[in-house]
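2 protein chains.
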Amino acid sequence: MSISSFFPVWDQLTPDQQRLLEQSAAPRAVPAGTLLHSGSADCVGLLLVGGGQLRAFILSDEGKEVTLYRLFEGDICLFSASCMLSSIQFDISIEAEKDSALWVVPAAVYQTLMEQSAPLANYTNQIISSRFSEVMWLMDQILFRRFDSRLAAFLLEESAIEGSDELSITHERIAHHMGSAREVVTRMLKYFQSEGMVSLSRGGVRLTGREKLKALARS
Amino acid sequence: MSISSFFPVWDQLTPDQQRLLEQSAAPRAVPAGTLLHSGSADCVGLLLVGGGQLRAFILSDEGKEVTLYRLFEGDICLFSASCMLSSIQFDISIEAEKDSALWVVPAAVYQTLMEQSAPLANYTNQIISSRFSEVMWLMDQILFRRFDSRLAAFLLEESAIEGSDELSITHERIAHHMGSAREVVTRMLKYFQSEGMVSLSRGGVRLTGREKLKALARS
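Those protein sequences? They're chains W and V, same order as listed.
Counting from 1 along the first sequence, just add 48 to a position and that's the residue number in this note's numbering.
Counting from 1 along the second sequence, just add 48 to a position and that's the residue number in this note's numbering.
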């Protein structure tokens, strides 16, 4: 992927602006598990995801995690450069969930470009709005949907991301993603198994009743 | 209030842009209780709050409400013009919580201005980021904080907004705000009363133990 392909508004930037963006973007390869951004203290810069998978999550004081959204190839991670958005008053953590190839654009460079270019500022607006939408979706899930329905939706989503019915994920890990407790997840998964929707093994969940899971996720 | 006072970047707009914004802004007086925007279907336009108080909330299919944030004099409501932000994929409802004086700027006009003016686009960015921050704060509350602590924080916030220790609000209404059930709120308020933190009357709550409430809200 080229830097230009991350920005649909590339053609509306001046040659100087394009050059600045290209030259300031530093490639970085990160192994799965790397914590890229934590809270509001650091300001790594804008991350352009060339490959792999990032996860944005929030963390409570007691270490409880909730996954907010994922970033895939072609996505831009803004919150790792939240220092340039003075109105962002919350802490998000970003980790590489798979081995990932990134470009890092320094926050100061991007901020300068946004101040010069209305198209880039408007595009950035769209990115923030998209993330906002994902968080609002999650909020809706947490507030208004039952846990069985959320868990079914989660398993289907994971299966779509992995491209497989076989998920190698622990109950502990699922609980982390959903901001729940392991016991709650285990209890519900056992119920799902008794209903023929999943089959459980050590450290893994296999989806065996997609249609039933889908119906539950929709409920 | 003048239109210009809503925009810290006013001086960075051209005279033409300033004129367009001023001329297109239509004054509107709305009584308390007016639903100004509901879901993503309508696109009233940008609301500039000249006086009064608006409430942004989400609504479940079953009619359960959760308050996201409030808008006061000098604030700008963007989500009533979410049609101009194609990436906004969620439904927010906006109502006048008190008699309010607004200016309505048509979404198309504002969008044109944002496309022309990098300062305005960047300022809009800041507004979205602020709202995003408020929603993330709420998310944190819901996910990580206990109900007693959230309720104490809610009562203190209401008291600050009203400028009084005497809140004329029903348990039903508090439950709506917090996305909880009336019984849960009543049970907790009775506990607060037994601890000397509040005194309950028909349709009202009086804060009698601020320090205790603050300590609980911080916990």
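Because the hints were derived from the structure by calculation, they are not lab data.
Computed from a predicted model, the values in this text were never measured in an experiment.
Treat each hint with caution, since some may be false.
Pairs count within a copy or across copies, as identical chains cannot be separated in the list.
Quick list of in silico lysine to any residue cross-link-like pairs, SDA-like style, CA-CA up to 25 Å [to be verified]:
id : residue 1 : residue 2
1  : K262      : F138
2  : K112      : I209
3  : K260      : S108
4  : K262      : G111
5  : K112      : F195
6  : K238      : A155
Hint-by-hint comparison with the structure:
1. Taking the closest pair of Cα atoms, K262 and F138 come within 25 Å of each other only across two copies (22 Å); inside a single copy the shortest separation is 33 Å, beyond that limit.
2. For the homomeric pair K112 and I209, the shortest alpha-carbon distance inside one copy (23 Å) is at most 25 Å, but the shortest distance between copies (32 Å) is not.
3. Taking the shortest alpha-carbon separations for K260 and S108, only the inter-copy value of 23 Å comes in at or below 25 Å, while the best intra-copy value is 33 Å.
4. Taking CA atoms no more than 25 Å apart as the test, K262 paired with G111 passes between copies only; the shortest distance there is 24 Å, against 31 Å inside one copy.
5. In this homomeric assembly, K112 and F195 come within 25 Å of each other (Cα to Cα) both inside a single copy, at 17 Å, and across copies, at 17 Å.
6. Taking the closest pair of Cα atoms, K238 and A155 never come within 25 Å of each other, the shortest separation being 47 Å inside a single copy and 50 Å across copies.
Consistency note: the structure conflicts with earlier hint 6 alone.
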